[in-house]
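Visitor: One-letter residues, chain by chain:
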Amino acid sequence: MNKIFEKGGKLYWLHSTVDAFETFLHVPGTVTLKGSHVRDSIDLKRLLILVVIAAAPAALFGMWNVGYQHGLAMGQTGVHILEYFWFGFLKVLPLYLVSYIVGLAIEFASSQIRGEEVSEGYLVSGFFIPLIVPVDIPLWMLALAVSFAVIFGKEVFGGTGMNIWNPALLTRAFLFFSYPNYMSGSECWIAFKKGETAVADAFTGATPLALDGPAQYGTGFWDLFIGTVPGSVGETSVIAILLGAFLLLWTGIASWKIMCGSIAGALLVGWIGNIAGITDIPFYMQLLYGGFAFGTVFMATDPVTSCQTECGKWIYGVLIGMLCITVRLFNPGYAEGMMLAILLMNTFAPLIDHCVTSVHISRRLKKLNAA
Amino acid sequence: MSENIVLKKGLDIPISGCASLHVSKSMIPALVAVQPDGIKGLLPRLLVKEGDRVLCGSPVIADKKKPDILLCAPASGTVKEVVRGEKRKLLAVLIETDAAQEYARIDTSNVKTALLQSGLWTLFTQRPYGVLADPAITPKAIFVSAFHTAPLAADLEFTLGDQVQAIQKGIDALGEIAPVHVSINGALKNSAFSSLTGCTVHRFKGKHPAGNVGVQISHISPIIKGDTVWTITLNGVAAVGRLMSSGRVDVRRKVAVCGPAALQPSYVETLPGTPVKDFAPFYGNSADEVRIISGDVLSGVSVGLNGYLGWNDDQLTIIHEGYDKELLGWIRPLRFNQFSSDRSYFSWLLPGKKYDMSTNLHGGPRPFLMNENYYTKVLPMDIYPVFLAKACLAGDIEKMEKFGIYEVLPEDLALCEFVDPSKCYIQDMIERGIDLMIKEMA
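Going line by line, the protein sequences match chains A and B.
According to the working numbering, the residues represented by the first sequence are 1400 to 1770, in order.
According to the working numbering, the residues represented by the second sequence are 23 to 464, in order.
Hints are computed from structural coordinates only; laboratory data are not their basis.
Treat the hints with care, since some could be wrong.
[Stated by the list, open to error] The calculated lysine to aspartate or glutamate pairs, modelled on EDC-like cross-linking and capped at a C-alpha distance of 16 Å, are:
1) B:Lys-86 with B:Asp-59
2) B:Lys-347 with A:Glu-1421
3) A:Lys-1433 with B:Glu-453
4) A:Lys-1433 with B:Glu-343
5) A:Lys-1765 with B:Asp-404
6) B:Lys-445 with A:Glu-1516
7) B:Lys-424 with B:Asp-249
[To be verified] A few chain B residues facing chain A, derived, Cβ under 7 Å:
8) Ile-246
9) Val-319
10) Ser-363
11) Arg-365
12) Ser-366
13) Thr-381
14) Gly-386
15) Pro-389
16) Met-392
17) Ala-436
18) Phe-440
19) Pro-443
20) Asp-450
[To be verified] Here are a few chain A residues that face chain B, going by a calculated C-beta distance under 7 Å:
21) Thr-1431
22) Gly-1434
23) His-1436
24) Val-1437
25) Arg-1438
26) Asp-1439
27) Arg-1445
28) Leu-1446
29) Ser-1518
30) Thr-1650
31) Glu-1709
32) Leu-1767
Even for Gly, the Cβ is constructed at its ideal location relative to N, Cα and C.
Turn these sequences into a full structure, and let the hints steer you where they fit.
Guide: Given below as structure tokens:
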């Protein structure tokens, strides 16, 4: 690095930024100082870019779906892959620009204040945020929400690796509680051009969750599985999310225990809802609705905010699934429970870990004293 | 014969440059160093001055607090120089060796006094904390690992296979102090050491760190608060055996000179304290571009060109310094020449491949991000490494105790440090935690 960026140099205030770009371009020539003289080639950049790659199918499909839903609302028919994708891409691109520019600016500034290298953590959060918000959200709102989430959800705790809540979900929660009009109802999930309104007869843009039962438009099993329904950009296509899930599980970045736990918990409560007569949505359909799949695969498995211990991951996963469906069944005002379920369990993850490690410690002591 | 204890967790790092099984050189170096620095807990007091004559086995350094504990000359000769560092810290005593060795006579009628008098006492490591053994304590047991699993480590079947008698003699002597446990390699059908008597023989099978004595202890008889155990290397046991049968100090050993940067890696029979420069044929002209490690690549000490082989080491690893930058390296999909145990690389497709590893960190230091199971997959012990490391960072004695600080030495968590994508110095964290424990518990 050039001398002027080093401590005491004129441009030291840019130190973290320059360093970030430099390490982005190269694997740095840093050598080990002590301890293990050789190191595995894996680093956080590699791990986190894989998460982004895993989420890419969901994002690409989501962009096409933005166009497709717009087309439906305008009364068009047909698939029009490129045309719809381009429409969606232009709609989603500003969300990405805002998410990354605002988030990274805060990240760079706080890294500089702490005198650390810029961490890669926001690479992933910034990629997820546009995927879990309504596509027509005003950009200033998004900017405000991102600032809130990054500063109060992450930097005040010490940056990547130290946060309690998932920053992407915190962004969404901020929007949801501050601007509920933009986050619920039937209009917000479809992108419109200025001045447009839905023209198709009997068209409703509500997500399937906000509808009463599966009988209506576009809520059949395959529609939901493929994802040709309204919703947040990245959450609709279960099949695209599954592709990402395979990559995450194969590389071991995401925990299969959390995913399986979450699915099991959701099925259990959905089934109880069925036999108790609370809902007539078949319990397996709950896995396809709304943000459940996206949350289970990409949000609940965030290694920083989930449980650290293996046993804790089961508890954490199951509770997320159960809470999500419970919210859906008992809160008709806001039908999407995944965000709240994960944020709540993020809060309790350290407590679960504490319990699991306490049990581990007392079991170990018993074993050691017996030996 | 006891059954195999099979350890499923672990990792054998496929680094190139394994020493071929022949002794390419056998020497008494012209200069040999006695180094108090590598022995944790020793407060050195100098007993000789420049120009003094010493015999092989005569005392050179004593401990200030426990004057019975001595460091002795590994060869006879004349004291050439006393090397001191900052604040006059005693770093090494250099002895110019004689062509014909003269030995100090050690009385072997009492094992403990013989070991103390001969300086071989310092071969013991006391756990918890990995410090110099206290002669006033009788340990619960003495543990010996009869095989190495560390990357490129010396093959003890080769280096000590012909010393079984001396080892047996050593074990008999150690047995007078405390019960001895020897762990042998369960992967071998007929290990040279399986016939040892007077001790409990355990068989361990698995990847590194199955050969680490700390891991073996945690499976044989885990250390709890208040326990004290001692460990000694197999080379140490052989030296004790030779002392007992001849009354002479003889710490010569076969040292594996290895590593991706070593030219024709092979074994050298020499003394601890041999200057690195005596190994010059192995690094040739590339002296400026290599790191020379006394010990293995995971937890050895970088000694530099002016350093010396460590007191307990039977391995000298030579690797390239990895100052090269790699353009967009982290995002390149293949990188077949880089080893990673993570599935995001393709090393798993090439199981037999050996890698020319350098000292490059392959990333920047970050806070811990991955979960416990990312680290426990290479740690066959019943502990949570990240919780323990964080307790050490926080200096929380109570938590450190609960998460098992008594059971570990930094070397046991070396693989966790190797695989860590956050590039933390986990061994250093544990080391600081142990130092804090020693300070607070004293």
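Visitor: For every hint, state whether the structure bears it out.
Guide: Going down the list of hints, with the structure as the test:
Between the alpha carbons of Lys-86 (chain B) and Asp-59 (chain B) the distance comes to roughly 14 Å, so the proposed pair stays at or under 16 Å and holds. Straight-line distance between C-alpha atoms of Lys-347 (chain B) and Glu-1421 (chain A) comes to about 10 Å, which keeps the hinted pair within the 16 Å bound. Proximity of Lys-1433 (chain A) to Glu-453 (chain B) is assessed by CA-CA distance (about 11 Å); at most 16 Å being required, the pair is judged to hold. Between Lys-1433 (chain A) and Glu-343 (chain B) the CA atoms are separated by roughly 13 Å; this keeps the pair inside 16 Å, and the hint holds.
Restraint check: the Cα-Cα separation between Lys-1765 (chain A) and Asp-404 (chain B) comes to about 13 Å, which is no more than 16 Å; the hinted pair holds. Restraint check for Lys-445 (chain B) and Glu-1516 (chain A): the C-alpha separation of about 13 Å stays at or below 16 Å, so the hint holds. At most 16 Å may separate the alpha-carbon atoms for a hinted pair to count; Lys-424 (chain B) and Asp-249 (chain B) meet this at roughly 15 Å. About 4 Å separates the beta-carbon of Ile-246 (chain B) from the nearest beta-carbon of chain A, less than 7 Å, and the hint is met.
Among the interface hints, the one on Val-319 (chain B) holds; its C-beta lies about 5 Å from the nearest C-beta in chain A, closer than the 7 Å criterion. Look at Ser-363 (chain B): its Cβ gets to within about 6 Å of chain A, closer than 7 Å, so that hint holds up. Using the Cβ-Cβ criterion of 7 Å, the hint placing Arg-365 (chain B) at the interface with chain A is satisfied: the shortest such distance is roughly 4 Å. A cut of 7 Å between beta carbons decides the hint on Ser-366 (chain B): the least distance to chain A is about 5 Å, and the hint holds.
Proximity of Thr-381 (chain B) to chain A holds as hinted, the smallest CB-CB distance being about 4 Å (cut-off 7 Å). With a least beta-carbon distance of about 5 Å to chain A, the hint placing Gly-386 (chain B) at the interface is held under the 7 Å criterion. Interface hint at Pro-389 (chain B): satisfied, since its Cβ lies 3 Å from the closest Cβ of chain A, which is below the 7 Å cut-off. Nearest Cβ of chain A to the Cβ of Met-392 (chain B): about 5 Å, under the 7 Å cut. The hint holds.
For the restraint placing Ala-436 (chain B) at the interface with chain A, the shortest Cβ-Cβ distance is roughly 5 Å, inside the 7 Å limit, so the hint holds. A cut of 7 Å between beta carbons decides the hint on Phe-440 (chain B): the least distance to chain A is about 5 Å, and the hint holds. At about 5 Å, the closest approach between the beta carbon of Pro-443 (chain B) and any beta carbon in chain A falls short of 7 Å, and the interface hint on this residue holds. Annotation: Asp-450 (chain B) was flagged as interfacial toward chain A, and the flag holds, the nearest CB pair being 6 Å apart, inside 7 Å.
Because the smallest distance between the Cβ of Thr-1431 (chain A) and any Cβ of chain B comes to about 5 Å, under 7 Å, the interface hint for this residue holds. With its C-beta approaching chain B no nearer than about 4 Å, Gly-1434 (chain A) sits inside the 7 Å limit, and its interface hint holds. A hinted interface residue such as His-1436 (chain A) counts as satisfied when its beta carbon comes closer than 7 Å to some beta carbon of chain B; here the least separation is about 5 Å, so the hint holds. A least Cβ separation of about 4 Å between Val-1437 (chain A) and chain B falls short of the 7 Å threshold, and the interface hint therefore holds.
About 5 Å separates the beta-carbon of Arg-1438 (chain A) from the nearest beta-carbon of chain B, less than 7 Å, and the hint is met. Interface restraint check: Asp-1439 (chain A) against chain B, minimum CB-CB distance 5 Å, threshold 7 Å, status holds. At about 5 Å, the closest approach between the beta carbon of Arg-1445 (chain A) and any beta carbon in chain B falls short of 7 Å, and the interface hint on this residue holds. The interface hint given for Leu-1446 (chain A) holds, since its Cβ lies 5 Å from the closest Cβ of chain B, which is under the 7 Å cut-off.
Contact between Ser-1518 (chain A) and chain B, as hinted, is supported at the beta carbon level, the nearest pair being about 5 Å apart and thus within 7 Å. The interface hint given for Thr-1650 (chain A) is met, as the beta carbon of that residue sits about 4 Å from the closest beta carbon of chain B, less than 7 Å. A cut of 7 Å between beta carbons decides the hint on Glu-1709 (chain A): the least distance to chain B is about 6 Å, and the hint holds. Annotation: interface hint on Leu-1767 (chain A) holds; nearest CB of chain B at approximately 4 Å, less than 7 Å.
In the structure shown, no violation is registered for any of the earlier numbered hints.
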